[in-house]
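Q: Sequence:
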Amino acid sequence: MSSDASDREPEQNSQLGAEQETAPVVEMVRFRVIAGQEATAREWLAYLGDHPAQFRETMIPERMQVETILSDEQEGRLHLTWFSVQLPGGASVQNSEHELDRVHLDYWGRCIDPDWGPQRLTPEVFMTSAPVQGAFEQ
Numbered sequence: 000m001s002s003d004a005s006d007r008e009p010e011q012n013s014q015l016g017a018e019q020e021t022a023p024v025v026e027m028v029r030f031r032v033i034a035g036q037e038a039t040a041r042e043w044l045a046y047l048g049d050h051p052a053q054f055r056e057t058m059i060p061e062r063m064q065v066e067t068i069l070s071d072e073q074e075g076r077l078h079l080t081w082f083s084v085q086l087p088g089g090a091s092v093q094n095s096e097h098e099l100d101r102v103h104l105d106y107w108g109r110c111i112d113p114d115w116g117p118q119r120l121t122p123e124v125f126m127t128s129a130p131v132q133g134a135f136e137q
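All residue numbers for the sequence shown refer to numbering that gives the first Met the number 0, where the first residue is 0 and numbers rise by one.
A couple of the hints might just be wrong.
[As the list claims (entries may be wrong)] Ranges between beta-carbon positions, derived for each pair:
| # | residue 1 | residue 2 | range |
| --- | --- | --- | --- |
| 1 | Glu123 | Ala90 | 20 to 30 Å |
| 2 | Met126 | Pro60 | 20 to 30 Å |
| 3 | Asp105 | Ala34 | 13 to 23 Å |
| 4 | Val102 | Val65 | 31 to 41 Å |
| 5 | Gln53 | Ala134 | 32 to 42 Å |
| 6 | Glu98 | Ala34 | 21 to 31 Å |
| 7 | Leu104 | Val65 | 32 to 42 Å |
| 8 | Met126 | Leu44 | 27 to 37 Å |
| 9 | Glu72 | Asp49 | 15 to 25 Å |
| 10 | Ala38 | Ala134 | 17 to 27 Å |
Derived by calculation from the structure, the hints in this document are not laboratory data.
All residues carry an ideal CB built from backbone N, CA and C; glycine is no exception.
Assemble the whole structure, with the sequences as input and the hints as a guide.
A: This is the structure we're talking about:
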């Protein structure tokens, strides 16, 4: 659901453990919250956490398998980090008509600092159990 997820280039992501067409895209991307918007960011996270059924509905067209949002503070600033596992070919959150996605993008615009480039971690090893890998390959 990260607004950034569907804008990635395939070559920017490690494709490990399966055929190219079905290999999950694993991302961990960190964003800084605009100073003074920390309470709004916490409200955003609470909103998402309070709507698990709707959150899961949005994951289906995005082909999102796992999405976790982490928070941390560094140098007095709140940061949000998205960890996601997504299958190729998912719909873009920007094109979604789902109410939760519209609310999510509104919060994104109010909270994420556009002047601070996202920090992407590079997946070096991605391993799943055999049953989970089989589900990715279906």
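Q: Next, verify each hint and record whether it holds.
A: Here's how the hints hold up against the structure:
Remark: the range hint 20 to 30 Å for Glu123 to Ala90 is upheld by a beta-carbon distance near 28 Å. Distance hint check: the CB atoms of Met126 and Pro60 are about 27 Å apart, consistent with the given range 20 to 30 Å. Here the CB-CB span from Asp105 to Ala34 is close to 19 Å, well matched to the stated 13 to 23 Å. Under the hint 31 to 41 Å, the C-beta atoms of Val102 and Val65, about 21 Å apart, miss the expected range.
Our hint of 32 to 42 Å for Gln53 and Ala134 is violated, since their Cβ atoms are close to 22 Å apart. The hinted window of 21 to 31 Å between Glu98 and Ala34 holds, with their beta carbons roughly 29 Å apart. The given range of 32 to 42 Å is broken by Leu104 and Val65, whose C-beta atoms sit roughly 20 Å from each other. Our hint of 27 to 37 Å for Met126 and Leu44 holds, since their Cβ atoms are close to 28 Å apart.
Between Glu72 and Asp49 the beta carbon distance is about 23 Å. The supplied range of 15 to 25 Å therefore holds. In this structure, Ala38 and Ala134 break the distance hint of 17 to 27 Å, their C-beta atoms being roughly 38 Å apart.
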